[in-house]
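Construct the entire structure; sequences and hints are all you get.
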Amino acid sequence: MGERVRRLDRGGFEDLKSPRTHRPTGIGATGGGRSARVLDTEGTRMEHHGAIVAEGLVKVYNGSIRAVDGVSFEVAPGEAFGFLGPNGAGKTTTVSMLSAGLKPTQGRAMVGGIEVGRDPEEVKRRIGVIFQESTADGDLTGRENLEVAAGCYGISPSEAHERSEALIEQMQLTDAADRYAKTYSGGMRRRLELAVGLVHRPKILFLDEPTLGLDPQGRAGFWGFIQKLRRETGVTVFITTHYLDEADTMCDRLAIIDHGKIVATGTPNELKDRLGGDVVTLKTGNDRKDLTELIRPLAGVASVQKQDGTYRIKCASGETFVPIAVEACARAGAGVTGVTVKRPSLDEVFLELTGREFREDEGPTATDRAVILQRVQGAMSGRR
Amino acid sequence: MLTELAALTRREFLKLARNPQAILTSLMLPLLYLLLFGQGFNINPAQFLPPGSPPAEVHQVVLTYFRGAPDYYSYFAAGMVGFVSVTATLFIGANVIFDKLFGIFKRTRGTPAPSAAVFGSRLIAGAAQPIALAFFVLGLALLFGRIPGLNGMDVTANVGALGAVEIVLAIVLLSLMFATLFLMFGILLEVPQTYFAAVNLLNLPVLLTSDALYPWGSMPTWLRNVSQYNPVSLAVNVLRETLFGASYYPYSAGVYLLGLFAWSAVLIALAIFLVARALRPVE
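So the protein lines, in turn, are chains A and B.
Position 65 (the first sequence) corresponds to 73 in the working numbering; numbering is contiguous.
Position 223 (the second sequence) corresponds to 226 in the working numbering; numbering is contiguous.
Heads up, a few of these hints could be off.
Computed beta-carbon distance windows for the label pairs [as the list claims (entries may be wrong)]:
{"#": "1", "chain 1": "B", "residue 1": "27", "chain 2": "A", "residue 2": "70", "range": "41 to 47 Å"}
{"#": "2", "chain 1": "B", "residue 1": "165", "chain 2": "A", "residue 2": "126", "range": "21 to 27 Å"}
{"#": "3", "chain 1": "A", "residue 1": "174", "chain 2": "B", "residue 2": "5", "range": "22 to 28 Å"}
{"#": "4", "chain 1": "A", "residue 1": "71", "chain 2": "B", "residue 2": "249", "range": "58 to 64 Å"}
{"#": "5", "chain 1": "A", "residue 1": "68", "chain 2": "B", "residue 2": "5", "range": "52 to 58 Å"}
{"#": "6", "chain 1": "B", "residue 1": "26", "chain 2": "A", "residue 2": "71", "range": "46 to 52 Å"}
{"#": "7", "chain 1": "A", "residue 1": "278", "chain 2": "B", "residue 2": "271", "range": "56 to 62 Å"}
{"#": "8", "chain 1": "A", "residue 1": "68", "chain 2": "B", "residue 2": "23", "range": "57 to 63 Å"}
Here are a few chain B residues that sit away from chain A, every Cβ distance over 10 Å (derived from the structure) [said to hold, decoys possible]:
{"#": "9", "residue": "17"}
{"#": "10", "residue": "49"}
{"#": "11", "residue": "61"}
{"#": "12", "residue": "161"}
{"#": "13", "residue": "223"}
{"#": "14", "residue": "261"}
If you are wondering where the hints come from, they were derived from the structure by calculation, not from laboratory data.
We treat Cβ as the ideally placed atom computed from N, Cα and C, and that holds for glycine.
Here it is in C-alpha cells:
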C-alpha cells in the first residue's frame with residue numbers, strides 16, 4: 009500500500025510542480041493538462057483533459073427532490089474553480105458526488121483522470137477534501153490528527169511523521185502541534201484540516217465552504233495558505249463558498265448554481281461584464297441644470313438616469329468615464345461635487361441570472377470598494 | 004490494509020487512554036457487583052435441607068444447585084466474566100455515532116482506508132476493553148478468595164494449559180461477538196437515542212435469559228432450555244466447567260466453544276455484510 013502511494017506521488021503530485029504552460033480563461037475553457045483515457049459505462053474509449061469533469065450529473069433524493077439537475081462542467085489542471093450558489097443550491101451534493109461520497113442518480117464524473125463510479129478508492133487517493141463542518145479529532149493532538157490521516161492513505165508511520173512535521177511548519181502550527189485539536193481556535197482548526205487534506209499530496213483539492221464561521225482574519229489567513237499552495241504545487245482547487253468576495257479573488261473561473269442547475273460559467277470579470285460594465289454615480293453643484301444629454305454621448309455610456317440631482321450612469325469602464333465626465337460637467341458650469349464608481353458585484357450577477365439576491369445583506373464587497381477606489385484615484389491623477 | 008488498520012487502531016487507543024473517567028467507570032460496575040452483590044447475595048441451598056443432614060448430601064445439593072461450583076460466589080463470579088464481556092461493549096457503537104455527529108467518521112470515509120480497516124480498528128479497540136475487564140473480574144474474584152472475611156472464587160478443578168486457553172477463547176469470542184454486534188448498530192444507526200434503545204432491547208434479554216447470574220438449581224426448566232443456546236451461557240459454561248469440573252454439564256467445554264464460535268461466525272458475517280453495504284457511497 010505504501011509503495012503504491014509513493015509511486016502515485018512520483019507520477020502524480022510531483023508532475024504538477026512543473027510550470028503550467030496554459031491557463032484557461034474563457035467561458036467553458038478546459039485547459040491543457042494531461043489527457044486521461046478511460047472507459048465509459050458502455051465500455052467505449054473516451055478522452056478527457058480536465059482534472060475534474062462532470063457530465064450531466066443528477067442527484068435525486070427520495071425519488072422526487074432533484075438536488076442536482078444535470079450539472080456539466082470541466083475544470084482544468086491547476087485551475088481554481090469556484091462553485092457558487094445559495095444554501096440548498098446543490099453545491100455540497102455535487103462535491104459529494106465528485107469526491108466519491110455519493111452516487112449520482114444519473115450522469116458521471118471523472119476526477120484526476122479516473123471515473124468516480126468505477127474506482128472511487130483511487131479517486132480518494134488523488135483528492136483532498138476540506139469539509140464544510142469541522143472534522144478534526146478534538147481528542148487527538150494536531151500532530152496525531154495528521155499521522156492518523158496519513159495512515160489512512162497507506163503512508164508508512166515514518167513517512168507520515170516526516171510529512172506531518174513539514175505540514176505543521178507550513179501551516180504555522182508548530183507551537184500547537186502537541187495540543188489537543190479541541191483547544192485550537194477556529195482558524196487553527198481550519199489550517200489543521202487543510203494540512204490533513206494535504207498529507208497525501210493530492211492533485212486536486214475540494215474546499216467545501218472552507219471559511220464558514222471564520223472571522224475575517226481567519227478567512228484571510230486560510231486563503232493565503234491556499235494561494236501559496238497553488239503557487240508552489242499547482243494543485244487544482246474546487247471551491248464552494250458563500251462569500252462572493254472570496255470567490256471573486258480566489259477563483260480563475262466560476263460556475264453559478266441555482267436550484268441544482270448551472271446558470272452561468274466564466275471568469276469573475278466575464279460574469280460581471282455581462283451586466284454592462286460599471287455603475288457611476290455623479291453629483292454636481294448645480295441641481296437645476298439637467299446634464300443628462302451632456303453625459304449620454306460620452307465614451308462608453310450605456311444609460312443615464314437622473315434622480316434628485318444625482319446621475320446614475322451605466323458605462324463600460326468607470327475609470328475611463330469619470331475623468332471625461334468630470335471635465336465635461338466643469339465645462340458646462342456644473343462642477344462635480346461627488347462621484348462613486350461601483351463594479352457590478354457577483355451578487356448582482358446572481359440577481360441578474362436568477363432574479364433573486366444571493367444573500368440579502370450582500371452589497372459591494374470591501375475588496376470591490378478598495379479596487380475601484382484605487383482605479384478611480386489612479387485614473388484621475390493620470391488626467392491631471 | 005495493515006497500515007490503515009494500525010493508524011486507525013492507534014487513534015482508538017489514544018482516545019481510550021485520554022478518557023480515564025470512562026475506564027474508571029467501566030471498572031466500577033464489576034467491582035460493585037463483586038464487592039457488594041456477590042458478598043450480600045451468597046445464597047446457600049443447604050439452608051433448605053433438614054437440620055442434621057449428612058455433609059455428603061449437603062455437598063451434593065450445593066454442587067447440583069451451582070453446577071459443580073462450591074458456592075454461589077464462585078458460580079456468580081464466573082457468570083460475571085460473561086456479564087462484563089457484554090456490558091463493556093455497550094458504548095462501542097455509541098462512539099461511532101458521536102464520531103458521525105462530529106464529522107470525524109465522514110473524514111475517515113473520505114479516505115481510501117478500506118471498510119475492513121475502519122471496522123477492524125474499532126472492533127480491536129472495542130473488544131480489548133471487555134476482554135481486559137473480564138480478566139480483571141476473574142483476577143479480582145480469585146483475589147477476594149484470599150482475603151479473610153470476604154467471599155471469593157474457589158477454583159476446585161485442575162486448570163491446565165488447555166483449560167486456560169479455553170477460558171481465554173471463551174472470553175475473546177464472547178467479547179468480539181458483542182463488540183461486533185454493537186459496532187454494527189453504531190454504523191447502521193445515526194441517532195444516539197435510537198442506538199441506546201436498540202442496545203437495551205437486546206442487552207437485557209440476552210443477559211436475563213442466560214445463566215450468568217441465576218443459580219442453575221433455581222432456574223425453571225423452560226429458562227434452562229432457553230439459556231443453553233444463549234451465547235453468554237455458552238461462554239460461562241466453558242469457564243465454569245474449566246474452573247469447577249465438567250461433571251454437571253452434558254457437553255465438554257470444546258462443544259460449548261464450538262457453539263460460541265458458530266454464534267460469532269454468524270454475527271460477524273451478518274455485520275460484515277451490513278457494514279460493507281452501509282460504508283459504500285450513499286445511493
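List, from low to high, the hint numbers that the structure doesn't satisfy.
Failing hints, ascending: 2, 5, 8 and 9.
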